[in-house]
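Enquirer: The chain contents come next:
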Amino acid sequence: MADMTYREALRLALDEELDRDDSVFLMGEEIGRFEGSYKVTAGLWEKYGAKRVRETPISEGGFLGAGIGAAMMGMRPVVEIMTINFILVAMDQVINHAAKIRYMFGGTVGVPLVIRTPGGAGAQLTAQHSQSLEAWFAGCPGLKVVAPASVADAHGMLKTAIRDDDPVLFCENLVMYNVTGTVPDDPDHTVPFGQAAVVREGGDLTIVAHSYTVQRALRVADALARDGVEVEVVDLRTLRPLDAETVAASVRKTSRALVAEEGWATYGVSAEIVARIHALCFDDLDHPVVRVGQAEVPMPYSKPLELAALPIEAKIEAAARQLLAECGVL
Amino acid sequence: MAKAAETATGADLPDVDTTRRLFHTMALIRRFEERTEEQYTRARIGGYCHLAIGEEAATVGAIDALSEGDALFASYRDHGTALAVGSPPMAVMAELFGKETGVAHGRGGSMHLLDAARSFFGGWGIVGGHLPIAVGAALAFDQADQPHAVLCQFGDGATNTGAFHEALNLAAVWHLPIVFQAINNQYGMGTSVAQASAEPELHKRAVAYRMHGEEVDGNDVLAVREATARLLAQAREERKPALLETLTYRYRGHSVADAGKVYRTQEEITEWRKRDPITRFGLLATEHNLLSADEVEEIWQQVASEVKEAIDGALEAAFPDIDSLYEHVYGDPAWREQFARMEPGAPFGERAEERTWQT
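First to last, the sequence lines map onto chains A and B. In terms of the working numbering, the first sequence opens at residue 1 and continues consecutively. In terms of the working numbering, the second sequence opens at residue 331 and continues consecutively.
If you're looking for bench data, these hints aren't it; they were derived computationally from the structure. The structure displayed is predicted, hence computed values, not measured ones. Backbone N, C-alpha and C fix where the C-beta goes; we use that ideal spot for every residue, glycine too.
Residues on chain B that point at chain A, a partial pick, calculated with CB under 8 angstroms:
# : residue
1 : G438
2 : E496
3 : E657
4 : H658
Use the sequences and the hints to build the structure in full.
Expert: Laid out in structure tokens, this is it:
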């Protein structure tokens, strides 16, 4: 086991896969000499050269489309979109093209493409640089959408994504890059898609989350533990495929669920989770499922306003306490 | 009637086999599309259906210039494209009929024909959207040091999309082996090139990318073939991309739902029909004794029976089994396992395990 940051775990996964498979190459803005806007690709341009770590112009629709075309020809491109906000100018390529190709061509060609991109908020980056848009993609058949919330998963899930034969949107998180953890000493460490993880066990309340919100949920669980409440935290890990079974198993045990996410809850990931809980274990619920997401405004700049908009621990905890109080647990 | 002398463009005369092949393919496409139109009115074909009648030389001349291993991308006006690469007419018609034996097993229809085994990679429905993807195919050749090139066909309407400009810029800045072929049929739906494009001489847009651009008579199959072959060779050998504009005309409307009359005059259509690509090439071939008048007639009869067989076979073919609805969404060997926990008993959790309804 090696200790490293989330950023270093991603870099290690890219390095190992570039080394393992000649068809893997990286593309993106500033990922070479500049080492990546968030330094994920630092050192790889020197190690693998300009062809396998290809710097692109600011032309997301162009180079994301090029990634799709290269993937159709059998390459395994890993395209970095600097932040998920910028993927919107390439949305046509992701939704109308990458997601549709295998199906509309009758299974005769595939798109083994990985799109890496960070979302998240909290550094006063404001409305156009603070979105968590993964739910928009997770609703689209043909795509796989994953969002690792731990350092080990960042490593293992990126390797799984690169080896997968389908297009994968790999959602990173700006706040996660400096989080530390351990990664197994195994160049073939992979984490299977479609398996959520119970990252903390408890019997009183299930909190379901993904990406950085899992870390927040764990801190809320710590706080509630001081009042004798045992919170179970389910990390979804992958949004499509979604592991509804693990969520349902937890809710059957606790009878109560809160779903938290960094994006807007309306039509969001939490909306989908609530629907699945409803379908799978409605009769086990002791209380309507509660949701916490970003305030439904474009992200403001001013720090107090930004904090008021973010789904911070205090908000999640307050929502959990209210739910528990209404159930007579607190 | 056009004189063969008008077809002399400086391109060398082809040999007999090539002449026969080019004429046969263009005639096949013409007859196939005429019968397609008829099949559409008989409701055997659904959805959109974009005919390219009149544009056969632009399609066939360019595709005939491809070498083994080169990749081809096209727009949704792609029936002729599929036939030109050699896809069996029956499999193409079966796709239009939505049958399992279609080139895309009935998943794609008219706009999404392809034949990966013949390096034809679609058949794309979003105007301009496939240009960056074609650039990616050229990039793959570059990454793997393969000596192939890409031919990317699209209509004049695509040249006003951002994707066109991004694709040309990337191809030029990365020195990729690709020829962009703008099949300028004068109208994007009902909007003329002059109305839509500040620079209506579309090939001149290559200048912005320090790329070679040229225009050619798109109704002259030999001229199209010569120009495409030359530019593809340059792309393969010198890694120089190019923009080739082939000037042509569609006789029919944008799709079968458009009569093609409100935005253009009958005189204009008549003028273009005088330059019909197949008539012209037939005259050239007979005047130069490459084909006899009898042979031309034989080819027309031959393609008529090929198309009839295609229709008959496509009619007889089965529709896809509705139990195959969820096939081909994903292709990774692990996909079923990955999605197994989404909801027990259903691939993506959207349906009950037992179907209680009928289509």
